[in-house]
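Trainee: One letter stands for each residue in the lines below.
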Amino acid sequence: MTTEANVNIDREKGNFHFNTNYAYDAGTGLSEDAVRYISEVKEEEPWMLGFRMKGLSIFEKKPMPTHWATKDLENINFDVIRYYLAKGQKPSRTWDEVPDDIKNTFERLGIPEQERKFLAGVEAQFDSEAAYSRMKDDLEEKGVIFVGSTEGLKDHPEIFKKWFGKVIPTSDNKFSALNSAVFSGGSFIYIPPGVKLEQPLQAYFRINAENFGQFERTLIIADEGSEVTYMEGCTAPKFETSTLHSAVVELVALPGAKIQYITVQNWSNNVFNLVTKRALAHEEAEVRWIDCNIGSRLTMKYPGVILKGRKARGEVLSIALANEGQHQDTGAKMVHAADETTSNVIAKSISIGKGRSSYRGLVQIPGHFKHCRNNTECDALLINSESETDTYPAITVQGSENSVQHEASVSKVSAEQIFYMQQRGMNEGEAMSLCVNGFVNDLIREFPMEYSVELKRLIDLEMEDSVG
Amino acid sequence: MSLSSTPPEPEPSLLSSESFFDEFADKRSWEPGWLADFRRENWEKTKQLTTNLKDDRWRFSPKARFGYKAVSGLAQSEDSIVFDAPEANGKTATLEQLDRILLQEPNLLIDLPNLAGPNLGADQSFHLARAFAEAGFYLRVGKNQKPDSPLFVDHSTNCEGLARFHLNVIELEPFSEVTLVERISSTNSDSGGLLTNLTHVKAGEGSKLTRIIIQEMNQHSSFHNLENIEVQKNAIMCNLAIHLGSAQTRVESKGSLTEAGAEFENLSVTLATKKQLFDQRTMQHHLAANGKSTLTFKNALADQAKTIFSGLIKVENEAQQTNSYQTNRNLLLSNEAKADSMPGLEILANEVKCSHGATTSKIDDQELFYLLSRGISRAVAERLIILGFFEEVIEKIGMQDQLADVRERIANSFTE
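The listed protein sequences derive, respectively, from chains W and G.
Residue numbers for the first sequence follow our numbering, so the first one is 1 and each next one is one higher.
Residue numbers for the second sequence follow our numbering, so the first one is 1001 and each next one is one higher.
So here's chain G without its partners, still in its complex pose:
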């Protein structure tokens, strides 16, 4: 089998220059020694990365669009993360800026060097985020605690050519419940920036986490979103992403069901227009019995947009009685839009129910005809059908206010 795209050698970038890193390290000399070592170690690793010209984890991906060559510096980290979480006052949940934790209670993050990434190909982004992250958030929900209203975290990036690295840690103690909404946006609409966002999630026994990500960066920006999610005994994690913006986005999302009875749901809708590129790599990793995971990634593609979906269900031998599903649906709205789909299975246990499905097709003629015959214009009819196509996923948001808000955001992104 030949590969259609061969990623180029890693280009030298400002971020790999010795003097640039030294200057960065100087600026953060107040950090504890282990953290300084951790940063340097990861920075060294980015320089040792050897590029395998035929890395399957980048198959079909125009890797050059995900490089750091054009980065001209690091963006200031003030205000790059803003909270809207009236309830998170330390009683039910702790929601803090990464910098404040590092300054006041660095020991809360002492495990950081041991936390793995999703490891689905973007090694460079992973190590750069660990070397250069100045902003991020730390969320911890105490045992049995259930904040009534959702917590909001807003990430932003703006400046031309500048990169920003966010490092986030989410921990749910046993039997806690929380809903977290993360919004990712640009502060202006005409200059592009780069945001690499690395998130570690641990959902403890019996906990329930609902995480919604709404990405609306401007059309010049790059987004690298890496998330590694661990779901423990009987915990339920629902991860739902809505991607509307950016010039190019690489998503790496891995959920590991490490203990018996864990449930993991990973959902995504993407509206890809113009020359947007969305490269999605996912993994559902079952390591213990009685786990259940469902993945649904829906992409609507217009103009010259391109999406790549590569998903893997891996069921280890110990993970008997696993139920695991993976679905990728692509709706093609133009002749130039291109969808690659690589749904994968690796099953090492026999008492399992696993399946995957991938479809790529255009809008159903009959559906379109039905709407046209009722006097609705073609453009509006197509939008309605796309909204209907997304509805299966976004209705899982549950909260009425949020649902209405998301529907509106999707509808608005058509009119641009």
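Looking at chain W on its own, in the form it has when it is part of the complex:
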């Protein structure tokens, strides 16, 4: 039943690029000069240059984490990567102001259409800088800030500086240090106390140039009792050589706030996607990461929540689909740092062809806290006989008032299931696709409508021809 076939991946929607003349280009390779250039172009204050320089020196000192991670990391050539490219664009307020060629790119990605669907705000990043940002006026009146990180730093330094780099220290890992040195773009969001956004805020990230590294930095602060949902999508055209995306995302949920952060990552499969994402949840705050990894060559991403206040809750829901030539190394981190904190991780992965998916988890509950609970479930589905899956959780629990449970299973679609559906007139591919959709269905139901429809369609496309 499991005859092998190469799977055709539908990345055609994002597979295009336009030749663009860049006004600012930090050249190839990483050096103090490149970092200084980026800081100068962005007209940053001296403390920020110092921050970047510190990031650079930590990056140079830290070894590659290949003692636990895949050796594929060694294939990243930091010397040929271009660290900053921009057209000199300032975020435009209306669609008409956006330069035509960039507009073409985003037309194809469907950004204006999305906005027409009354999404609350859209921010689009083209290579290093935000090219277009638009937010509905009523949100602005409520005091919501939704701008690029460069703008955030310039216009709202009092909020920005207070939380920037506080959730994820520069020295957290080699790639967070790299991001600290060369970051540009990304979103800065502030939701004032009590403001509850009914519509999600959206961002699109797009790599357009070959050998380019994208290093956006996102900081979201939800003030007391506020609620926000943020969605990001990522695409890149297929280039011959590999490309690097290394973002840092920091979320701060102040007491009683709720943040939901949704990522649908569909990078083309020459992108190294090495992202550090972490949230700080204060008293009774709730942070939920919804993470879908469908594209990229190698993704290493372990969204985390530090449960700092009493009754804080953290959640990670993740779906990973690893096709031929892909390694989805994803997971979750839950650090319990107060009484009565709870966390939940549900991770589902599907490996097709020679694809490999890994789950890495970390749960920590120290003994001086009481009534902390964690639940982790990881399920893996293997489609072909050469598909691979790994699970590496690390759970540390102290204290007789706390409890954790972890469960993982690996299975394949059973021959009986396929046979049953074939009897009813489906072909094998359709039957397989239906089974895979059933496997992730309970997770997809948790997603906002337009994303769950999109995901189901993406999974159908990925499953096409996966069985012979």
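Each statement offered as a hint is correct.
Distance condition first, Cα-Cα at most 30 Å in a straight line; then the derived DSBU-like pairs of lysine-lysine:
id: 1; chain 1: W; residue 1: Lys174; chain 2: W; residue 2: Lys354
id: 2; chain 1: G; residue 1: Lys1063; chain 2: W; residue 2: Lys71
id: 3; chain 1: G; residue 1: Lys1063; chain 2: W; residue 2: Lys61
id: 4; chain 1: G; residue 1: Lys1054; chain 2: W; residue 2: Lys71
id: 5; chain 1: G; residue 1: Lys1054; chain 2: W; residue 2: Lys166
id: 6; chain 1: W; residue 1: Lys308; chain 2: G; residue 2: Lys1054
id: 7; chain 1: W; residue 1: Lys71; chain 2: G; residue 2: Lys1047
id: 8; chain 1: G; residue 1: Lys1054; chain 2: W; residue 2: Lys54
With the Cβ distance kept under 7 Å, some of the chain W side facing chain G (calculated, not the full set):
id: 9; residue: Trp68
id: 10; residue: Tyr392
id: 11; residue: Gly399
id: 12; residue: Ser400
Residues from chain W shown here face chain G by an in silico Cβ test under 7 Å; the list is partial:
id: 13; residue: Gly367
id: 14; residue: Leu382
id: 15; residue: Glu388
id: 16; residue: Asp390
id: 17; residue: Thr391
id: 18; residue: Ala394
id: 19; residue: Thr396
id: 20; residue: Gln405
id: 21; residue: Lys412
If you're looking for bench data, these hints aren't it; they were derived computationally from the structure.
Positions of the beta carbon are idealized from the N, C-alpha and C atoms, including for glycine.
Add chain G to chain W, keeping to what the hints say.
Mentor: Showing chain G alone in chain W's frame:
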């Protein structure tokens, strides 16, 4: 991901001194040349070991507690292994001291240099055991032979600061069956010693081996238990360990299902109290189709005890139709006790059923309330619940006498 503990550089110990090894080699000059070379080769290797500061195989482990720095010499090997095996008279099974085999039939062990260890991190212990082992046992059960009663092997260690290395080889020829009970104890209760025990097991086609290990060393001792188990075609191996003693124990237990239809069961219960440390690393390695493996490690932790469980199920591409399970359950009885759990899976075949589960929690309030409401004191109720928690594993012992004995030993270890 950052690592919580960074193991220190290997400390220089007496065992790595040239003159110490030369003296040891002189004393054993009666051994055949290949064995002398084998010892020296392994001893050289211990000196070449480079310490990777972030070795994942030692993650969460306070590695310094498993070093050989404090070793002040080697313990005399006489009587460190005693047999109680009336049936093993050479007809159904051969059970011999390692030294006697080396003296009289060294060719039985000619394969020793080719035998691998579990290779789950304790490289130093592995090579030291191969360099310095003077005691150990050799068990061979002949084709179709089935000794009626279990064989007993007692390991002991006692002296303050002295180390002892045991090297054991167990071979079951096709279609043989045997039950082996190994007891590990200290000869006195107030001075600590170190025992490193390296065991190679080969269960041939259709054979059935049940191995029970009961570890009751005194609270000052260190124990390194390394076992590499090979299960061949349709063979069934059940490995069951009960850990009650020692100050610190590192267990490395690897079972390889090398041929079709092999079955491997690896079970363990640990009662960790005071400042005891148990560092358990396991692997279930499926290399052939239709294999089945089950692993259940249960730890009850009181006081400031610490346990680390790291297990891996690895299913190779050839090992289709594999069923493999791994369970780690930790019962926390105090606020300072700490349990680390790292259940892992690496699956390269698709027609498999594999799962793992890990839970860490306290005693169920309702269970406790039920017992308290019947007039049972809290201390006794907790013990009953712990015994019940262990029962799922120890009832697999099967033999009534042994089962009763093990239950009693566990119950006794509470009262200390």
